[in-house]
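Asks: Sequence:
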Amino acid sequence: RDEGFDLGETQMSSKCMRQVKMNEPHLKKCNRYIAMDILDDKYAEALSRVEGEGCKSEESCMRGCCVAMKEMDDECVCEWMKMMVENQKGRIGERLIKEGVRDLKELPSKCGLSEMECGSRGNRYFV
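42 is the number that our numbering gives to position 42 of the sequence shown; each next residue is one higher, with no gaps.
Just so you know, not all the hints are guaranteed correct.
Said to hold, decoys possible - Heads up, simulated DSS-like pairs for lysine-lysine below, C-alpha to C-alpha not over 25 angstroms straight-line:
#: 1; residue 1: K70; residue 2: K56
#: 2; residue 1: K56; residue 2: K110
#: 3; residue 1: K105; residue 2: K70
#: 4; residue 1: K21; residue 2: K56
#: 5; residue 1: K105; residue 2: K15
#: 6; residue 1: K98; residue 2: K110
#: 7; residue 1: K15; residue 2: K56
#: 8; residue 1: K21; residue 2: K70
What the hints assert, rightly or not - Estimated spans, in silico, between C-beta atoms of each pair:
#: 9; residue 1: R95; residue 2: E71; range: 15 to 23 angstroms
#: 10; residue 1: E99; residue 2: S57; range: 27 to 35 angstroms
#: 11; residue 1: S109; residue 2: S60; range: 12 to 20 angstroms
Just so you know, the hints here were simulated from the structure itself, not pulled from any lab data. If you're wondering where the values come from, they're calculated on a predicted model, not measured in any experiment. Ideal Cβ placement from N, Cα and C applies to all residues, glycine included.
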């Protein structure tokens, strides 16, 4: 099976699919950063072993994540973030989803990008 992101049912434009694929190694660092932030360290550690992440700290994950965000169009970052939320819904529970979404929304500004408006996607988590 392809080891790439599981895009599940999420509809993503072909342009954004390409951008996500191209930036996948860096985007995985975004996942890892959020996992480290919202989940206990043991889970994050297990996750990193499974995904083979190369970042040792939240800060190094953050830097890798920012590389991807700067490379991608805003709309594609939004689509990717929406996909992330959709994929995690069944796995980590409502409370953690809310924390994860908060972290996701902060990522662009932490990366020094201008405010992103992802709310038009009709996703209730982006309100």
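Asks: Hints first: check each against the structure and report whether it holds.
Replies: Results of checking the hints against the structure:
Taken as a hint, the K70 and K56 pair is honoured in the structure, with Cα atoms around 21 angstroms apart against an allowance of 25 angstroms. For a cut-off of 25 angstroms, the pair hint linking K56 to K110 stands: about 18 angstroms separates their Cα positions. Restraint check for K105 and K70: the C-alpha separation of about 15 angstroms stays at or below 25 angstroms, so the hint holds. Between K21 and K56, the direct Cα distance comes to roughly 23 angstroms. Compliance with the 25 angstroms bound is thereby established for this hinted pair.
Simply put, K105 and K15 have alpha-carbon atoms about 22 angstroms apart, close enough for the 25 angstroms limit, and the pair holds. Proposed proximity of K98 and K110 is supported: the alpha carbons are some 18 angstroms apart, at most 25 angstroms. Straight-line distance between C-alpha atoms of K15 and K56 comes to about 31 angstroms, which puts the hinted pair past the 25 angstroms bound. Only pairs whose Cα atoms come within 25 angstroms are accepted, and K21 paired with K70 is accepted, the gap being roughly 15 angstroms.
At about 32 angstroms, the beta-carbon gap between R95 and E71 misses the expected band of 15 to 23 angstroms. Roughly 19 angstroms separates the CB atoms of E99 and S57, a value that falls outside the hinted 27 to 35 angstroms. Checked against the given bound of 12 to 20 angstroms, the beta carbons of S109 and S60, roughly 19 angstroms apart, stay inside it.
Comparing the model with each earlier hint shows violations of hints 7, 9 and 10; every other hint is respected.
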